[in-house]
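Engineer: Listed here are the chains, written in short residue letters.
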Amino acid sequence: MTMIPGPEKAYCRGLTALKEKDYAAADREFDACGAAYGKSGGFRIMAVATKLLARVQREKMMILKTTHAIEEAVSHGKETIVCRQGEQEETR
Amino acid sequence: MTDLKTIERLETRLTHLIESQLTRKKDQIDYLLGLNRIDDLLVEHGRGHGVTEGVASFLAEYRPRLQSETMTAAQRRRLGDFLSELLQRLRDSNDGDSAKLADEVREWISSLGEGGFRLILKKPQEPAPLAERFQACLRWEMEEMTALAAVHDHLLSCLDDVLKSAEVKVDPTYRHLAASMIYFLQMEGYKVDPYLKRLRRIQTETEAS
Chain A
35 MTMIPGPEKA YCRGLTALKE KDYAAADREF DACGAAYGKS GGFRIMAVAT
85 KLLARVQREK MMILKTTHAI EEAVSHGKET IVCRQGEQEE TR
Chain B
566 MTDLKTIERL ETRLTHLIES QLTRKKDQID YLLGLNRIDD LLVEHGRGHG
616 VTEGVASFLA EYRPRLQSET MTAAQRRRLG DFLSELLQRL RDSNDGDSAK
666 LADEVREWIS SLGEGGFRLI LKKPQEPAPL AERFQACLRW EMEEMTALAA
716 VHDHLLSCLD DVLKSAEVKV DPTYRHLAAS MIYFLQMEGY KVDPYLKRLR
766 RIQTETEAS
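Residue numbers (the numbering used here), protein chains in the order written: chain A, 35 to 126; chain B, 566 to 774.
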């Protein structure tokens, strides 16, 4: 079906993903062709940097989600306290 | 927050490293992605989809980038192979737009030099002896098999891939490789009838066209 061998096709898809800054997709494609290109120093640098960057971005998302969740919890807590104080004041 | 800043610094540096690699290897990457784009067009055509717009867009984007002087002789030959295959499909389409695009592809092949031009216009004057051509065929099949084994776990999956290639290519080497794999699987006791039928159908269709 194709004139390009499977590993080379995966490498091309990986490069396209890199150009589109989709590092997670590029990492998956580079993993798929790693066996065929692993001996190339240039490929290894690119593949390792991509893997690390994809991981770093996942970590960043986790930190941002956690931070957001904490901020929401704190904010919710304050609102509750204010509301209760208001109720108390109204009660008073 | 300190963790986030550290992560962001690392992200910036890694992004910069990757961008600089992409810039440094721009010619090589453009070349590979150009071949890949032609390959995608050939696959689309093989599935019966129209590719005229895709070919026009490909030519506009890649012809200025893939100039003869930025490529090695081997790269020119390989690009010539891909373009020749594309030219063949455009010729088969028989419509005005395809004919114009075919002219442009033919010009491009000519500009690649003797290697690319020879691929579509003439056969070698003195072909190598039969035994040497057979050895070259086996060497090519060995390389193809190594690449296939890297992505498939089982020989049957490799065979399926080769048969798919044989369906869209005029090159008889894929059919030879498929036949060889089928014969080997049969010797190993596998049921190969469906694959044999596929290969016979491909052979018949190729001969008819």
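Hints listed in this document are in silico derivations from the structure and should not be mistaken for laboratory results. Keep in mind that a hint or two might mislead.
[What the hints assert, rightly or not] Here are the computed lysine to aspartate or glutamate pairs in the EDC-like style, where the Cα-Cα straight-line distance is at most 20 Å: (1) Lys53/A - Glu634/B; (2) Lys73/A - Glu42/A; (3) Lys734/B - Glu42/A; (4) Lys591/B - Glu634/B.
All figures in this text were calculated on a predicted structure; none of them were measured in a lab.
Engineer: Sort out which numbered hints this structure fails and list those numbers smallest first.
Structural biologist: 1
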